[in-house]
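Colleague: As given, the protein sequences belong to chains A and B, one line each in that order. Here the first sequence is numbered in this note's numbering, starting from 1 and rising by one per residue. Here the second sequence is numbered in this note's numbering, starting from 1 and rising by one per residue.
In short, the hints are calculated from the structure, not lab data. Among the clues, some could well be false.
[As the list claims (entries may be wrong)] Calculated pairs, PhoX-like style, for lysine-lysine (alpha carbon to alpha carbon, straight line, at most 25 angstroms): (1) B/K43 with A/K10; (2) B/K193 with A/K10; (3) A/K18 with A/K2.
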Amino acid sequence: MKILVVDDSKLARLFLIKTLRELEPGVEILEAENGLVAVELFKEHRPSAVFLDLTMPVMDGYEALKEIMQINPKAQVVVVSADIQTQAQEMVLALGAKMMVPKPINVDKMASVLQQLSI
Amino acid sequence: MEQREFSEDHLDILRELMNIAMGNATASIADLLQAFGKMHIPKILISDMEGLHEYIRSAIPDNQRHYVTKQLFGGFFSGEFLFVISEESALNLGHHLYDVTQPSDGDILDAVVELTNILSATIISRLTEELNTKVQFFVPSTDLIAGNDLISPEDLLNYHSIIIINTRMEFQNHNINGQIFILTKDEMIDSLKALIDRKLEELYA
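Okay, chain A solo, but in the shape it has when bound (with noise of 0.2 angstroms):
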């Protein structure tokens, strides 16, 4: 199972693969650090789920989302974002998202995510 984690933050990105490693120790994880880098892994890897961030430079999560959808429009997308406000979770599950989780996510919060993925 391959799964696409994307933060501009390192610090972000090593604490879910810890998260993720600690529930499916096997998993292949892909790292992204902004969004544009995010679809041209997913454009050559088609990982079976991606973890995203919204607010990054380059190419936005919104942004990155919405390409990603155009690639694949079956793509298991959860955002995961500091961005807690309901307009922006509207947002993103208009725009192909399958959920959207606050940062931090713990343990049993991956638990719950992975178990509603269908990977």
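Given the coordinates of chain A, assemble chain B onto it according to the supplied hints.
Modeller: Here is chain B on its own, set in the frame of chain A:
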């Protein structure tokens, strides 16, 4: 401006924690204004006073008047929270919150102080919660200042090395924009570094 004493990891974690704190604050303000706020990536710099002046000059236009609210906070991590909002944005804020065309100066001031209280309490509390520490807040003061001389000469005497955490809040539909600065003094750089080190240890454990 040099980034002394803080490694890239320290700055990265501080930026990320600030991002989480700002997310909470934006949501609270969005509820208050019933509007969607755009989040920006926080900038974090370690600077001296001269650097702070240069930074403020580049970040705040000098051709407008600004409401500047300052609030001190104290604890293992202490410093000063500054919220800067242009007179025009403050008028729009008062207009929106009080639902009147021409809010009084008192109404505008009240709205700015209320907004600052929500911002400082949410941001600093969330930041310190993530760093496993607590702070106490002091009464804020607000001044209408012409240009961008936000820091008085007296204030300069209190600071040497400063951590500048700067971000913007933007509610475009209501034309309400503000800038946030969190300033801390010399010894706090060590305190903050120790708190972040503890957080990093947890992360790498």
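Colleague: Each hint needs a verdict: does it hold in this structure or not?
Modeller: Going through the hints against the structure:
1. B/K43 with A/K10: Within the cut-off at roughly 16 angstroms; holds.
2. B/K193 with A/K10: Judged against 25 angstroms, a Cα distance of about 18 angstroms means the pair holds.
3. A/K18 with A/K2: holds, 15 angstroms
The structure is consistent with each of the numbered hints, conforming to all of them.
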